[in-house]
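A.B. asks: Could you slot chain B with the ligands onto chain A? The hints should help.
Residue numbers (this note's numbering), protein chains in the order written: chain A, 1 to 240; chain B, 1 to 283.
Don't read these hints as lab results, they were simulated from the structure. You may find that some hints are simply not true.
[Stated by the list, open to error] Taking lysine-lysine pairs in the DSS-like style, the calculated list, with each CA pair at most 27 Å apart, reads:
| no. | chain 1 | residue 1 | chain 2 | residue 2 |
| --- | --- | --- | --- | --- |
| 1 | B | K90 | A | K77 |
| 2 | A | K173 | A | K77 |
| 3 | A | K77 | B | K86 |
| 4 | B | K90 | A | K78 |
| 5 | A | K78 | B | K86 |
As the structure is a prediction and not an experimental result, all values here were calculated from the model.
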Amino acid sequence: MSAPTSTNNLLEIEQLSVCFGGLQALDRVNLSINEGEILGLIGPNGAGKTTLFNVITGLTAPSHGKLRWQGNSLAGKKPEQICRLGLARTFQNLRLFRELSCINNLQVAMGSNNRRAALELLALVQLQEKADAAAASLAYGDQRKLEFARALATKPKLLLLDEAAAGMNPIEKQDLQALVQRVRCQFKITILIIEHHVPLMMQLCDRLAVLNFGRCIALGSPEQVRRDPLVIEAYLGSQR
Amino acid sequence: MIDISLFVLMLLGALLALAVYLPLRAGQLSLATPGFYTIGGTVAALLSTQLPGLGGSDAVYPLTSLLLEMIVAIAVAGLLAFLIGKPVLKLRGIYLAIATIALVEILRVVLLSSPWFGAAVGIFAIPQPFEGPEGYLIAYGLLLAIVAWACARLERQPLGMAMAAIRDDELAARCMGVSTDQVKLIAFVLSAIVAAAAGVLAAHYFNSWNARQANFDASITTLAFVVLGGSRTWLGPVIGGLVLTALPELLRPIGDLRLIVFGLVILLGPIFIPQGLIKSKQS
Ligand SMILES: Nc1ncnc2c1ncn2[C@@H]1O[C@H](COP(=O)(O)OP(=O)(O)OP(=O)(O)O)[C@@H](O)[C@H]1O
Ligand SMILES: [Mg+2]
Numbered sequence: 001m002s003a004p005t006s007t008n009n010l011l012e013i014e015q016l017s018v019c020f021g022g023l024q025a026l027d028r029v030n031l032s033i034n035e036g037e038i039l040g041l042i043g044p045n046g047a048g049k050t051t052l053f054n055v056i057t058g059l060t061a062p063s064h065g066k067l068r069w070q071g072n073s074l075a076g077k078k079p080e081q082i083c084r085l086g087l088a089r090t091f092q093n094l095r096l097f098r099e100l101s102c103i104n105n106l107q108v109a110m111g112s113n114n115r116r117a118a119l120e121l122l123a124l125v126q127l128q129e130k131a132d133a134a135a136a137s138l139a140y141g142d143q144r145k146l147e148f149a150r151a152l153a154t155k156p157k158l159l160l161l162d163e164a165a166a167g168m169n170p171i172e173k174q175d176l177q178a179l180v181q182r183v184r185c186q187f188k189i190t191i192l193i194i195e196h197h198v199p200l201m202m203q204l205c206d207r208l209a210v211l212n213f214g215r216c217i218a219l220g221s222p223e224q225v226r227r228d229p230l231v232i233e234a235y236l237g238s239q240r
Numbered sequence: 001m002i003d004i005s006l007f008v009l010m011l012l013g014a015l016l017a018l019a020v021y022l023p024l025r026a027g028q029l030s031l032a033t034p035g036f037y038t039i040g041g042t043v044a045a046l047l048s049t050q051l052p053g054l055g056g057s058d059a060v061y062p063l064t065s066l067l068l069e070m071i072v073a074i075a076v077a078g079l080l081a082f083l084i085g086k087p088v089l090k091l092r093g094i095y096l097a098i099a100t101i102a103l104v105e106i107l108r109v110v111l112l113s114s115p116w117f118g119a120a121v122g123i124f125a126i127p128q129p130f131e132g133p134e135g136y137l138i139a140y141g142l143l144l145a146i147v148a149w150a151c152a153r154l155e156r157q158p159l160g161m162a163m164a165a166i167r168d169d170e171l172a173a174r175c176m177g178v179s180t181d182q183v184k185l186i187a188f189v190l191s192a193i194v195a196a197a198a199g200v201l202a203a204h205y206f207n208s209w210n211a212r213q214a215n216f217d218a219s220i221t222t223l224a225f226v227v228l229g230g231s232r233t234w235l236g237p238v239i240g241g242l243v244l245t246a247l248p249e250l251l252r253p254i255g256d257l258r259l260i261v262f263g264l265v266i267l268l269g270p271i272f273i274p275q276g277l278i279k280s281k282q283s
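Chain A with its partners taken away, still in its complex shape (with noise of 0.2 Å):
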């Protein structure tokens, strides 16, 4: 028997706190991402998910606690270093190069200006018409379409989309849903996903984790966080 792959972490976050000033945006949380899954972040506005994607990805620092990817610490390393060690993200609120055409985007993310390869990639979240046309000029699904191709132009081996849904309606966000499954299973690669739309998270998540004021509250299946009573109480509960 082959070994179980879906056992090992990739990514191991221990005890990770982060405060800004008084506010303790993260506060103790351990999490563990396994390679090839689909991990969801779910939590009310402030939980401290894109704080926690913010220490990941080396643009905040954490006031305590660890972070190892495949074993080594990522303590210090700069945001440039940690991409090219295999992680890459979107940004709850698009940070595209505005001016950039959308083929230069994923160019400077690929840091070649290797044509095909990018069109190649544009074909995926089918943008291959608007190869030349600036990322501003972009509708809005189509803006988060195009920073969810050039994070995948990193060649990660960990994907951080933050809202990946949101601004889209609901035919962009089934078409969305089957994109990140297919990508996962083309790249192989693994995927921690915030979103603020359960039902879709419910679908596509092989594990939950359950963000509230910092804390991470639940973690398992879609199914045992859906009865959990604690994430009842805070987010489900709670009429969003």
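C.D. replies: Chain B with the ligands only, in chain A's frame:
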């Protein structure tokens, strides 16, 4: 009649504009260009007047010596930009601009106060590699063609794209694996090299050289070239440099009014054409 020397100055303006453009493409507002231009000119003036071996007393100064000056000037300016750029480029936006103005001032004072560099009077009787302005026109034309071609190439290379990405969103560029510190430093060094090369020719062309070339006015004028022309692609600064160098001369018939017109162009340009005359292909 417009005489040929105006065209020489226009080409010089275009080159200096490209020097300002390079860091600006990476979002770095450096006003150090006149400083590196002065360094280039000073290197040329010193070498050609102090080293008899280069042929300063020949009837016509050898082109090989001119080329040698270029190489030395580029090395000196490039090395200096590398050493200064590391700490200075940590500053952002207007603070970088202020720091680079200070650098130019320091350089000016150092040159002015040391007799070795000609002090306040400057260096005179710089030998002539060309018999008339036509030769300089060709030399500057050649230099501009090379620099513009290199810039056009750069824009299509990963480095040039990374520069534009930094200008658009530095943080996102870092998260996409761009070594932003390194890219900014390269842009700064390239800028210094272009300015220094332009300075080498200028020292010969003007026949004398002193540290007053490096002043705040020059910083602002060269910046205006890029503001008017645009900083999205190499053609913008070239047009800006050509036009704004020619403008005061073309407006000479209207007397002192020309300074007002010149000022208005610089003032109103950014308001009505914020991206400059020459925009990029997209958008
Ligand atoms: N740089 C910062 N400085 C100070 N406070 C911050 C900073 N970044 C985030 N916070 C605060 O930390 C808390 C967590 O913010 P975070 O953006 O991580 O929440 P989130 O779970 O992503 O919320 P949302 O669903 O609204 O995106 C919030 O109270 C926020 O105001
Ligand atoms: Mg968020």
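A.B. asks: Hint by hint, note whether the structure agrees.
C.D. replies: Now the hints, each set against the structure:
1. K90(B) with K77(A): Roughly 18 Å separates the two Cα atoms, so the pair holds.
2. K173(A) with K77(A): violated (34 Å)
3. K77(A) with K86(B): Given that 27 Å is the threshold and the Cα spacing comes to 19 Å, the pair holds.
4. K90(B) with K78(A): Answer holds: K90(B) to K78(A) is near 15 Å, not above 27 Å.
5. K78(A) with K86(B): holds (17 Å)
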